[in-house]
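Q: Quick mapping for you: the protein sequence lines, in order, are chains A, W, Y and L.
Mapping of the first sequence onto the working numbering: position 290 corresponds to residue 402, and the numbering continues sequentially without gaps.
Mapping of the second sequence onto the working numbering: position 38 corresponds to residue 150, and the numbering continues sequentially without gaps.
Mapping of the third sequence onto the working numbering: position 143 corresponds to residue 255, and the numbering continues sequentially without gaps.
Mapping of the fourth sequence onto the working numbering: position 313 corresponds to residue 425, and the numbering continues sequentially without gaps.
These are computed hints drawn from the structure, not numbers from a lab.
Please note that the accuracy of each hint is not assured.
Intra- or inter-copy, both count: the list cannot distinguish identical chains.
[What the hints assert, rightly or not] Straight line, CA to CA, 27 Å or less: simulated DSS-like cross-link-like pairs of lysine-lysine:
(1) Lys144 x Lys391
(2) Lys268 x Lys164
(3) Lys118 x Lys268
(4) Lys276 x Lys143
(5) Lys290 x Lys136
(6) Lys290 x Lys354
(7) Lys276 x Lys164
(8) Lys354 x Lys164
(9) Lys391 x Lys164
4 protein chains.
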Amino acid sequence: MSEKSKDPGTGVKYRRKTKRIINKDGSFNVKKIVPYSYSDGYISLINMGWIKFLSFTLAVILIINIIFASLYMMAGAETIGHTMGGSWIDAFLSCLYFSFQSFTTVGYGAMHPSGHLSSVISSFETVLGWGLFAIITGLLYGRFSRPSARIRFSHKALFVRDDKGNRSLQLRIANQRKNMLVNLNAVVMLKLIDHTEEGFTRNYHQLPLRLNHIHFFPLNWTLVHDIDESSPLYNFNLDDLKMKDVELLVLITGFDDTFSQDVHTRFSYVHEDLIWDAKFRHPFYTDDQGDIIFPMHWLDEYESIEDQRSHVPN
Amino acid sequence: MSEKSKDPGTGVKYRRKTKRIINKDGSFNVKKIVPYSYSDGYISLINMGWIKFLSFTLAVILIINIIFASLYMMAGAETIGHTMGGSWIDAFLSCLYFSFQSFTTVGYGAMHPSGHLSSVISSFETVLGWGLFAIITGLLYGRFSRPSARIRFSHKALFVRDDKGNRSLQLRIANQRKNMLVNLNAVVMLKLIDHTEEGFTRNYHQLPLRLNHIHFFPLNWTLVHDIDESSPLYNFNLDDLKMKDVELLVLITGFDDTFSQDVHTRFSYVHEDLIWDAKFRHPFYTDDQGDIIFPMHWLDEYESIEDQRSHVPN
Amino acid sequence: MSEKSKDPGTGVKYRRKTKRIINKDGSFNVKKIVPYSYSDGYISLINMGWIKFLSFTLAVILIINIIFASLYMMAGAETIGHTMGGSWIDAFLSCLYFSFQSFTTVGYGAMHPSGHLSSVISSFETVLGWGLFAIITGLLYGRFSRPSARIRFSHKALFVRDDKGNRSLQLRIANQRKNMLVNLNAVVMLKLIDHTEEGFTRNYHQLPLRLNHIHFFPLNWTLVHDIDESSPLYNFNLDDLKMKDVELLVLITGFDDTFSQDVHTRFSYVHEDLIWDAKFRHPFYTDDQGDIIFPMHWLDEYESIEDQRSHVPN
Amino acid sequence: MSEKSKDPGTGVKYRRKTKRIINKDGSFNVKKIVPYSYSDGYISLINMGWIKFLSFTLAVILIINIIFASLYMMAGAETIGHTMGGSWIDAFLSCLYFSFQSFTTVGYGAMHPSGHLSSVISSFETVLGWGLFAIITGLLYGRFSRPSARIRFSHKALFVRDDKGNRSLQLRIANQRKNMLVNLNAVVMLKLIDHTEEGFTRNYHQLPLRLNHIHFFPLNWTLVHDIDESSPLYNFNLDDLKMKDVELLVLITGFDDTFSQDVHTRFSYVHEDLIWDAKFRHPFYTDDQGDIIFPMHWLDEYESIEDQRSHVPN
């Protein structure tokens with residue numbers, strides 16, 4: 113059995129059993145208690161989903177305009193040229209329309225500030241709208257230009273046994289997006305849990321791969337670790353994997369040729385994600401024109417080695 | 113003959129014969145079937161040509177304004193101050209002008225919303241125009257700031273035979289743009305096809321180069337692979353190249369000193385692009401002032417070694 | 113004792129004693145006397161705090177508008193449609209409101225230029241506002257998108273003695289922010305001052321670490337230098353540390369997976385920051401759900417080895 | 113004498129004598145003849161000086177507005193509400209003011225399009241102004257955010273002879289800007305010209321340095337090449353340097369911690385820039401508070417070794 117690898121930065125000694133290290137989305141199972149900072153707000157706004165981001169932005173715009181509409185009401189709806197009707201609600205809506213007309217700097221002018229107070233308020237509002245627009249422009253660019261590689265990992269990692277009885281651990285990855293990834297490197301680490309007097313110890317082993325670098329990545333890439341005498345998985349069976357609370361940490365790094373930036377992706381497999389005695393199916397085919405067709409969802413397809421029945425994931 | 117190199121990430125086993133791996137524009141001959149994502153939309157908008165991009169943008173702006181013009185028509189052209197004439201078409205055009213005046217936030221004010229409904233619609237439209245402008249600003253910056261190196265590869269790769277009878281494979285590259293490229297590295301891989309019982313096998317060999325790194329790149333760079341006993345091309349002739357469906361995969365990486373980012377470029381030569389017994393001509397000259405003049409189209413010029421007739425590409 | 117390391121770039125020979133090399137905020141104790149350049153202005157605007165930046169921006173906007181208001185006064189307040197009252201102050205405030213309405217391009221129109229002079233001035237002002245807005249948009253994006261890693265270093269570095277009497281120097285770091293850091297490297301350099309005839313000499317030693325690279329960084333990382341016979345700190349005591357004016361220079365480099373950029377952080381410990389015979393406490397715990405909870409301020413907690421009394425920093 | 117280094121990418125064989133390879137500003141002495149592309153326009157706009165850039169931008173804005181003013185004149189100045197006076201010049205200036213009011217989207221409204229033709233023209237103009245503004249925002253950000261390191265190289269490189277008679281070649285660099293540079297590497301290459309039958313041959317030698325990497329760069333860095341038996345400069349004198357048309361190519365690479373990007377800088381010394389038997393003066397001092405004061409212009413100061421007279425450059 114190979115000697116233990118060094119801590120990859122996820123800790124060794126624990127008092128209790130912990131959840132998996134890396135979640136399916138690449139995040140870590142650690143809750144940090146830290147003071148909030150402005151920059152974290154930016155990171156949140158960059159990372160949240162589009163629907164949440166747009167809702168948040170529209171809500172902020174609406175709230176700011178309601179606040180300014182109230183200010184114009186206090187200054188007097190007549191000082192911004194309200195003429196829409198006599199009711200309180202007519203006056204407030206006029207103030208709200210005027211607020212939007214100022215905030216977006218469309219400023220038609222039919223409504224316009226005619227007193228000192230409303231002039232000052234509307235000056236503030238237009239400068240604020242101006243500034244907020246600059247911020248939103250930056251946020252939108254920041255969101256679009258993030259190179260976040262969307263690498264798809266096969267749902268399962270397989271323990272394969274070839275014709276000669278040699279065992280290997282295999283998993284597959286592919287690039288789900290249109291961006292071009294080149295110069296990829298892969299690191300696969302094995303985490304095993306040992307019980308100690310004080311609690312639990314996480315032991316880490318870096319698993320050697322047949323190929324840990326590729327130049328191009330238009331198709332899929334199968335990462336293969338040969339389970340020979342030197343492998344920490346030698347003579348393991350499914351029960352050992354469960355008892356040792358095994359977790360495979362996969363780290364892919366590469367260069368995104370579309371955004372010209374380095375990208376890093378993480379994934380992990382726990383013992384429920386490991387399949388015994390199976391092999392992957394060929395994930396692409398060549399059509400009559402000599403084109404290679406790669407249906408991305410074929411990445412997950414594998415078949416049992418014993419009965420050759422196929423298993424197609426949903 | 114050298115041992116086979118490892119798969120550069122473009123696959124080994126194929127059931128049928130396939131097209132070339134890398135197209136002339138650096139893209140790969142693989143059709144991925146994947147679900148669409150927002151980020152892919154961004155990548156498409158960044159990668160498409162300028163004429164297509166500007167047409168698309170103007171079309172989107174026009175469609176949005178026609179939709180809002182229709183909404184103002186429904187709300188009543190008179191509620192936005194239409195006074196241009198009595199016909200339906202006059203009214204619609206007025207609504208369209210008003211829509212553009214709102215969308216771009218110019219808001220002259222001669223036309224302005226005078227009812228609740230048109231006020232609400234125009235508030236939406238100005239916010240939408242505001243947001244779309246932020247998006248377009250980001251897209252334009254994203255398009256301009258992409259470091260996409262435009263490296264020119266010689267149209268042909270040459271099999272050269274020097275005075276002593278030594279053979280080499282040569283190709284030339286140059287930087288077509290004004291941006292400064294430094295610290296370039298080159299990798300040249302040879303793909304050969306072998307027939308097997310199950311189909312075709314792509315075998316890869318990395319070809320050693322006389323020089324695989326340069327510090328500066330103001331001129332051209334000739335990549336030279338010496339075809340000695342250790343080369344996988346030793347004793348090959350033109351027929352072998354065709355039969356083996358040979359493809360040279362060239363990968364250039366470097367640092368773009370203008371955009372301060374790493375750049376990667378790909379190119380490939382298939383057997384039609386290989387010229388036997390030829391040599392490149394000197395691609396630049398020095399004028400009376402001691403300036404080096406480099407006409408970029410000279411990069412492709414070569415001459416046959418036998419009869420010394422020149423061949424000038426179009 | 114190990115041989116001296118090479119100068120890390122902070123100088124060797126000094127005529128007088130100097131302050132610490134690296135300040136607590138990562139800056140260097142060097143005052144450069146250089147001519148000012150535009151780019152330095154940009155760097156200052158990117159680096160200053162948010163309150164200072166916003167105050168500066170608002171002050172610039174206010175000053176520009178006061179200047180243009182004065183220009184409109186000179187051109188005649190009546191030429192921009194001032195109708196607010198007869199006093200000088202009413203006229204000036206009207207000019208100021210009009211200036212803001214032009215600068216932000218809201219342009220309601222109730223006030224508008226009616227003469228050649230005021231038309232020309234307002235054309236200039238709107239173009240200037242337009243340009244300033246572009247600059248502020250860029251500055252805001254530049255400020256938000258800076259990957260400045262906020263790595264927290266433990267306040268103190270500890271001289272630890274384990275059960276077998278082996279000594280080591282230890283310090284801890286953690287990522288204070290939500291951004292994901294991966295592939296971290298650490299370099300720790302020791303600076304010692306020697307008196308010479310001409311003044312002072314700074315000698316540098318790079319301290320070997322048990323682990324100088326980690327793949328992931330969701331928790332803390334304890335940097336450990338074993339003080340064995342080969343260590344330049346072998347047989348040092350607290351007085352030696354003070355007499356030699358010791359300074360530990362810590363350089364952390366890594367990859368920010370949120371901003372996809374490399375990050376570098378510096379920190380330094382002088383002899384007041386070194387604690388003798390102490391050890392760090394475990395900085396995180398596991399709750400009932402198996403979640404790892406990491407209260408960031410625990411990073412600084414250590415206890416004396418002799419009496420096991422705890423020391424909790426404020 | 114050391115064996116010749118490989119071509120750094122600036123060519124070996126020339127028919128005539130050429131100018132220096134690298135100019136004082138870091139550009140190369142090569143004139144490329146290439147077709148123009150949009151991206152080159154962007155690079156030019158990013159690289160040109162601020163005065164040129166602002167003049168160009170204002171000229172473009174002015175020209176566009178004059179064109180649109182002419183279009184409004186053709187459509188009829190009365191259709192945009194011209195009321196300023198009866199002369200042709202009054203009408204044209206009104207059109208020009210209206211054009212600016214549309215282009216910047218301030219749109220006061222006192223002038224506004226009242227016919228179909230002027231409505232369509234002004235719609236185009238506001239969309240164009242909108243788009244141009246997006247482009248200028250991107251250009252300004254692109255200009256500001258370029259990490260272009262402004263590294264200052266000493267005007268002269270010195271041939272130093274120490275007390276023991278050992279010779280070395282020395283040059284100094286410092287960071288002129290406020291941005292933080294870390295992890296610097298230096299490469300110094302020597303170019304020598306040899307006459308051949310066919311013309312001139314440029315031979316290159318990489319000169320070994322005492323120190324070719326530093327971690328920090330708050331002060332100056334003196335690059336030192338020892339001229340021992342293995343140096344290609346061994347036994348050279350000033351006449352040899354001139355006859356061989358010597359050129360020192362200096363390449364500095366590092367990481368800009370303010371912009372989080374890699375930076376590359378080039379400089380070169382020709383034989384006029386080489387000083388025989390001189391040494392650099394100490395470039396900084398320590399004040400009473402222990403602060404290190406580094407007047408940047410001291411970088412160039414050196415003194416003759418023979419007579420110890422000082423030489424202070426302007």
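Q: With reference to the structure, classify each hint as holding or not holding.
A: Verification of the hints:
For the identical chains of this complex, Lys144 and Lys391 are inter-copy neighbours only, at 22 Å across copies versus 40 Å inside a copy, given an alpha-carbon limit of 27 Å. Proximity of Lys268 to Lys164 under the C-alpha cut-off of 27 Å is found in neither arrangement, the shortest distances being 31 Å within a copy and 42 Å between copies. When the C-alpha separation of Lys118 and Lys268 is checked against a cutoff of 27 Å, the pair qualifies both within a copy, at 26 Å, and between copies, at 25 Å. In the homo-oligomer, the alpha carbons of Lys276 and Lys143 never lie at most 27 Å apart, since the shortest distance is 47 Å inside one protomer and 35 Å across protomers.
Taking identical chains as interchangeable, the C-alpha atoms of Lys290 and Lys136 lie at most 27 Å apart whether they share a chain (22 Å) or sit on different chains (18 Å). In this assembly of identical chains, the alpha carbons of Lys290 and Lys354 never lie at most 27 Å apart, being 38 Å within a copy and 32 Å across copies at closest. Taking CA atoms no more than 27 Å apart as the test, Lys276 paired with Lys164 passes in neither setting, with 53 Å inside one copy and 56 Å between copies. For the identical chains of this complex, Lys354 and Lys164 are neighbours neither inside a copy (38 Å) nor across copies (55 Å), given an alpha-carbon limit of 27 Å.
In this assembly of identical chains, Lys391 and Lys164 lie within 27 Å of each other by CA distance neither inside one copy nor across copies; the values are 40 Å within and 45 Å between.
When the structure is compared with the earlier hints, violations turn up for hints 2, 4, 6, 7, 8 and 9 and for no others.
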